[in-house]
Amino acid sequence: MSFEFREVIKDFGGIRALDRVSFKTPHGAITGLIGPNGSGKTTLFNVLTGFLPMDGGQIFYKSDRIDGLKPHEVVELGIIRTFQITRVFPKLTLLENLLVPTRTNLMSDLLRRPKTAKKLEKAQRLLEIIGLDAYMHEPASILSFGQSKLLELTLSFMIDADMVLLDEPTAGINPSLQSGINDWIEAENKEGKEFLIIEHNMEVVMNLCHHIIVLHNGQKLAQGEPAEIQQNAEVLDAYLGD
Amino acid sequence: MTNLVMVLLIFFPIFVRDRHLLHILIAIFVYVTLVQSWNLPGGYTGYTSFGHVLFFGIGGYTTAMLVVFFSVPTVITYLIAGILSSLVALIFGYISLRLKGPYFAIATLALATMGRYVFLNFEIFGGAEGVLMPMSPLSPDIEKIPYYYGALLVAALTTLTVYLITKTRLGLGLMAIRENEEKAAGAGINTTKHKVIAFIVSAFFPGVIGGLYASYLEYVNPDSCFSILYSANILLMAILGGIGTIAGPILGSAVVVILSEIFSVVIGHQGRLIVFGLLLTFMAIYLPGGLLSVKDKFGYGKKTVSFFDQNTKDE
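Line order of the protein sequences matches chains A and B. Residues in the first sequence are numbered from 1 upward in steps of one, following the numbering used here. Residues in the second sequence are numbered from 1001 upward in steps of one, following the numbering used here.
Hints listed in this document are in silico derivations from the structure and should not be mistaken for laboratory results. Every value quoted in this text rests on a predicted model; they were computed, and no experiment measured them. Glycine included, each C-beta is placed from N, C-alpha and C at the ideal position. A hint or two may mislead.
Per label pair, the in silico range of CB-to-CB distance [unchecked claim]:
hint : chain 1 : residue 1 : chain 2 : residue 2 : range
1    : B       : Val-1007  : A       : Ala-134   : 36 to 46 Å
2    : B       : Val-1072  : A       : Arg-125   : 55 to 65 Å
3    : B       : Lys-1295  : A       : Pro-90    : 15 to 25 Å
4    : A       : Gly-56    : B       : Ile-1106  : 29 to 39 Å
5    : A       : Arg-125   : B       : Val-1007  : 40 to 50 Å
6    : B       : Leu-1280  : A       : Lys-70    : 51 to 61 Å
From just these sequences and the hints, can you work out the full model?
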């Protein structure tokens, strides 16, 4: 088990965005988080990564309690996320963008140069994979929406994170690149990286994920292997309406 | 180019003894220190302070009080002034750096105004008359020279420090915060720690130069130390030169101080302020990246950052 949610509650004013959500994600897996719009998926990410305080419950990662940590403390534990709306740093070059992610904030590290030979090599390799290596020294503001999403995804691979949270990584990206990204995620997973992915494309979810959690109106509706979820009457209801 | 200017500045007082020219150069060095140190949180991190003069004033009063009442050697008081300024920045930073954009700017403005009133109203600081300091023992034709070199040294150290910081992980983290603070946090940057360090460093140098300038003027009072004109000038110089760059503050300080001298003679003090107001408006509309972005307008620019872009970006 890597993540464990126990009765997690998040309220926005009178609206309960997460309603006693409890689940465990299996160790070493690519876990999919699905649900209709407004079901609480991104809120769950924000609570999990310390961007939003929660109103009840507990969250554990590898049996350590992590709720209440600040966003950078979550990253220091080896958990990194991407954002649904891409948030690359527009006036920094692609290379500088890739040098930003870090797992340490110690003073001795802050006074080092960000560009080490190892980091540079890794950044170059990742930029080659997404086909942007020619623009390494250009500001990120020149990128198209799709390219920004790719860069954002690449950012999360720059540090040796154990767990990567992806919020709709392939939304708005052309199908051939999409399958490239999914192959990449699978390859990283085989190397030992775990993933928790918000994804709307059912075909992708069913093929890519080992385990699926379904949210609906802030509650966990179902959880299980892709084949089970596909047969689940409640899930079909939630998606197709009644 | 940089080396040549440095050599010229080092030898300048040996050949030129004109008191007024030396005074203008000292004023430029003081402003380079103020604008460059403002630039670290203001230009590189995106936290625009309207109250940077506070640290200059704290430095001035620290030196005046220590020299007059405790007979501390003057040069040592400069260091203490810097440390005291940084201490105030540490406390104030933790409180105010939670605020963003205009809210942060207003908080800094309020703090600087409060600082002025504290020194104006407490008897021990001499009220509106301030504190008189001992006269220089040197003869009038060379008395400016130690201050010339002192201010030059502080301006150079400030510039070097800010430059070196921009080359570190800390500097990259600060720029990431400017570009998108939430994303920076998501990438593992301890944003509070980064901002507070930037703020502490940025307060040290104005503290030192405030002390030096006080002993140069041989007095302090609330207006010489806390005038809102300093903060306004810092913004004007930063924007005119090009914020978030190393050369911008130097260029901006030199241009504004020299223009001030010319305008004071040609159109008078009040007229000068009107012209600078118009200049600031013009820059904001037509050249938000500052004078350094002039060449970028014709080519592709990536190093200069627009003051107005970063404050109007969507949250």
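*Using the C-beta atoms of Leu-1280 of chain B and Lys-70 of chain A, is the stated range 51 to 61 Å upheld?*
38 Å Cβ-Cβ, so the 51 to 61 Å window is violated.
*Cβ-Cβ distance between Gly-56 of chain A and Ile-1106 of chain B: within 29 to 39 Å?*
36 Å, holds
*Can you let me know if the beta-carbon spacing of Val-1072 of chain B and Arg-125 of chain A is within 55 to 65 Å?*
58 Å, holds
_Just to be sure I understand the hint, the distance between the Cβ atoms of Arg-125 of chain A and Val-1007 of chain B should be within 40 to 50 Å; is that true here?_
45 Å, holds
*Just tell me: holds or violated, for the beta carbon distance of Lys-1295 of chain B and Pro-90 of chain A against 15 to 25 Å?*
Holds - the Cβ-Cβ distance for Lys-1295 of chain B and Pro-90 of chain A, about 21 Å, lies within 15 to 25 Å.
_If I claimed the Cβ atoms of Val-1007 of chain B and Ala-134 of chain A lie 36 to 46 Å apart, would that claim hold in this structure?_
The hint (36 to 46 Å, Cβ to Cβ) holds, given that Val-1007 of chain B and Ala-134 of chain A are roughly 41 Å apart.
The structure does not agree with numbered hint 6 stated previously, though it agrees with all others.
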